Each structure stands twice: as structure tokens, then as C-alpha cells.
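Participant: If you read the protein sequences in the order shown, they are chains S and P. Under the working numbering, the first residue of the first sequence carries the number 1, and numbering increases by one thereafter. Under the working numbering, the first residue of the second sequence carries the number 1, and numbering increases by one thereafter.
These are computed hints drawn from the structure, not numbers from a lab. The model shown is predicted, which means the values in this text are computed figures rather than measured ones. Here a beta-carbon is modelled for each residue, glycine too, at the ideal position from N, C-alpha and C. One should not assume that every hint holds.
[What the hints assert, rightly or not] What follows is a list of derived Cβ distance ranges for each label pair:
#: 1; chain 1: S; residue 1: GLU71; chain 2: P; residue 2: ASN113; range: 47 to 57 Å
#: 2; chain 1: P; residue 1: PRO134; chain 2: S; residue 2: ALA80; range: 55 to 65 Å
#: 3; chain 1: P; residue 1: GLY196; chain 2: S; residue 2: ALA17; range: 26 to 36 Å
[Said to hold, decoys possible] The calculated DMTMM-like cross-link candidates involving lysine to aspartate or glutamate, where the alpha carbons are at most 25 Å apart (straight line), are:
#: 4; chain 1: P; residue 1: LYS13; chain 2: P; residue 2: ASP115
#: 5; chain 1: P; residue 1: LYS13; chain 2: P; residue 2: ASP207
#: 6; chain 1: S; residue 1: LYS13; chain 2: P; residue 2: GLU173
#: 7; chain 1: S; residue 1: LYS13; chain 2: P; residue 2: ASP190
#: 8; chain 1: P; residue 1: LYS13; chain 2: S; residue 2: ASP207
#: 9; chain 1: S; residue 1: LYS13; chain 2: S; residue 2: GLU24
#: 10; chain 1: S; residue 1: LYS13; chain 2: S; residue 2: GLU150
#: 11; chain 1: S; residue 1: LYS13; chain 2: P; residue 2: ASP64
#: 12; chain 1: S; residue 1: LYS13; chain 2: P; residue 2: ASP34
#: 13; chain 1: S; residue 1: LYS13; chain 2: S; residue 2: ASP147
#: 14; chain 1: S; residue 1: LYS13; chain 2: S; residue 2: GLU71
#: 15; chain 1: P; residue 1: LYS13; chain 2: P; residue 2: GLU154
#: 16; chain 1: S; residue 1: LYS13; chain 2: S; residue 2: ASP85
#: 17; chain 1: P; residue 1: LYS13; chain 2: S; residue 2: GLU76
#: 18; chain 1: S; residue 1: LYS13; chain 2: S; residue 2: ASP34
#: 19; chain 1: P; residue 1: LYS13; chain 2: S; residue 2: ASP135
#: 20; chain 1: P; residue 1: LYS13; chain 2: P; residue 2: ASP190
#: 21; chain 1: P; residue 1: LYS13; chain 2: P; residue 2: GLU150
#: 22; chain 1: P; residue 1: LYS13; chain 2: P; residue 2: ASP64
#: 23; chain 1: S; residue 1: LYS13; chain 2: S; residue 2: ASP38
#: 24; chain 1: S; residue 1: LYS13; chain 2: S; residue 2: ASP89
#: 25; chain 1: P; residue 1: LYS13; chain 2: S; residue 2: ASP202
There are 2 protein chains.
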Amino acid sequence: MRVVVPFAPERPKTRLAPVLDEAERATFARRMLDDVLDALSALDRERRVSVDPLVLSTAPVDCDAPVTVDERPLTEAVDATLPSDADDDPVAVVMADLALATPAALERLCEPNADVVLAPGRGGGTNALVARHPDFRVDYHGASFRDHREIAHEVGADLAVVDSFRLSSDVDEPADLVEVLLHGEGSARDWLAAEGFELATDDGRVDIGRNTGGS
Amino acid sequence: MRVVVPFAPERPKTRLAPVLDEAERATFARRMLDDVLDALSALDRERRVSVDPLVLSTAPVDCDAPVTVDERPLTEAVDATLPSDADDDPVAVVMADLALATPAALERLCEPNADVVLAPGRGGGTNALVARHPDFRVDYHGASFRDHREIAHEVGADLAVVDSFRLSSDVDEPADLVEVLLHGEGSARDWLAAEGFELATDDGRVDIGRNTGGS
């Protein structure tokens, strides 16, 4: 299956500014992209799901998959990749900041044979989807999960929803780094740990702290 | 399977104080408990998983399941319900604030035949588990998912982790109400909607708003 991975290499992950400077945010975003591509590659290799990855980037990026540069906003750029004819092959769209994605979680996205498959993101988003219906279109602004559910209904597409914590966990804010440290299995988690990030549980609630070493 | 549902009816859900007053929080917490019990009942009735529910409450509560009152802290009260002998039956523990729990999600918790099954909560918690090993004990303080993983390893119990967005979504903070409004299917969601809560997406990000009517 064609799997489109949207990526914006310029000034990524601004909501992580309280804990990572601009260069660190760029590095971390790139690690997450690499992890998603690695998970897709393992899905193809180990689980017999044919995966044909395409990074849909707002600027050139050198990575381990073919890249198409499209400077348009996310919704228009993704729409241009979706099937538009009943004979077109299905297309999956998987966000580049799913640092917890594993081959097993991505396999579950590909399993339902529905016209539209949605994996909700926390906070109303849509972190991954599969489109098999020629009239389905995306709208990533606002509560996209609700909108995608409605769009599927309007075009007469049957819908499946994948119940995955891993796919629901996109990484936008400092609190999301807790999930990466606890459940991540890839290079983004390793990079955070090497940069001194660790869980902090002093008051019984879980947060992140950063051990900057120092001397 | 014996399924223990811990519940604290006194002053519940204090972190929802910015949006719900004390009486409302008590009502909402109770609706979530009822929804969890309904989902367990449907699991037993519709999906051939034998469920023997027990509400483990810090004070008497009148609900649609047997109740044991135990005033001790959560960890001790739950530990007292777990299997302590190799011949004991397995015990599941499902938190009372899983407003998104469905029979299908709970069925996935019961499927793995591992000594210990964990369903991570967002932010490092453990929202549901199954214990089949006589030496496994809980520790709900701090990053309990990490601690439970370590305890399972220490006692030589094999471990399975259930990847469920629904089971990861406990409801503690106002932002969590977005998930209830979008994905909830029970009385807690209906109550929120009847109280005027709705999604607010004015700036492209998703939040909750409350329409208090008024005249």
C-alpha cells in the first residue's frame, strides 16, 4: 500500500520550545520521522504488508524513502495523493510525529477492509488513516477526527476506527515526551535519553526532567 | 473473570474543578463508573467473556454491581484483591474513570494469556490490568506503568501490553473532556452534552466550551 508520511522540516514542533531549542526540535522531529519510516519498513519486511512509502514534505529532506516536495498546506497536499478514481489503489496517511508507532500498531491500521480507516489522535486529531474511497477527502484543521467521520458518511464510505494508544500519541507538547520516554522503542526515545531527559515523579505525578550533566 | 473497579466517591476528580463544581464532579464521576460497569456487563453478555464485577470503593455506593468498602489507599486495597496463590483465579483491575471503555476494548484486555497484562494510561499510569501471577503486586503511585512492568519482571511473570487508545484515556483534566465528547458512547458523554459542553475549535486547536444557555 502507498503510505504517505507528511513532514514539515522547517521550524518543526514549536510547542516543544519550553524544553528544546530550535536546532534540538529539528533533530528530534527528524528522529521521529526516521522512526516512522523504520516502523513502516519493518511492517513491509516482517509482517507481509506491502508498503510503498512516500514522504510528503514542505521542503527537500534527505531520508530513507522517496520524497515529494509540496509547499501547499497539509490538507491540500494530502488530498492530492488520495485515490480519486474507483480503480485507484488505497492510500494510507501516517503522521511523521508518531514516535510510538510500531509495526504491530501500523499493521492494525492496514487490517480493516473498510472504505475509510481512521486512527484518532489525542485532542481530536487524525494521526493515521487509510482511504480506499475515491470521494473521501481530508480536512486537518480543527477537530479533524470528527470532520473525517462526517466526510466519510457524506460520501457513503463505510468507516472503521483503529483503537491504538500508540497511534493516538503524536508528539507536540512537553507532556508528550513522557510517552516517548516510557513507550518509545526507536531513535527518538534514545535521543531524548542521551540528551538527559528522564521521568520525574517527585510529587506522585509524572513529568519530564532534564539532567544537563554539568560540572 | 473477577473484575475489580476501584472507585472513590468522596470529592472525586478535583482536577476538573476549573469546569465542574463539586456536585457536578460527583455526578460525572458516577456516570463514568456506571459506563464502565455497563461496558463490563455487555462484555459478559455479548462477547462470551465471563465477568464477575466488584466495585472496590472507599465509601458505600449504590450501583449496579457488588461493592466492597475498603478505606485503605488504592495500592493496598487493590493488592488485597489480587491472586496470592497459584490456584487462585485471575483478577482484572479496571479504573472507574475510563469513560471511553467499550466491550471491544475490554475484551482485548482479557485476550492475552500472559501472567500480567497492562493497559497503559496516558501520562505513565496503568488504567487496566490483569493479574494471573500469585506474586504480582501493584504500585499506583507515580509512573505506575513502568513500576508494574518492573514488578512483573522481578517476580518472573510474562507480560503483555494492550495497545488501546480507549483504555489509555482516563478522565482527570478538562482537556480529557474532549475525548469524552468525541469518542464516548455512554451516559457520561450524554451528561456532558446535556450540561452544555461542546467542542470549541475557534483557533484551529480543539478545546471544550460550555453553553450555559441563559436568557
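Participant: Check each numbered hint against the structure and report the violated ones by number, ascending.
Facilitator: Per hint list: 4, 7, 10, 11, 12, 15, 16, 17, 19, 21 and 24 violated.
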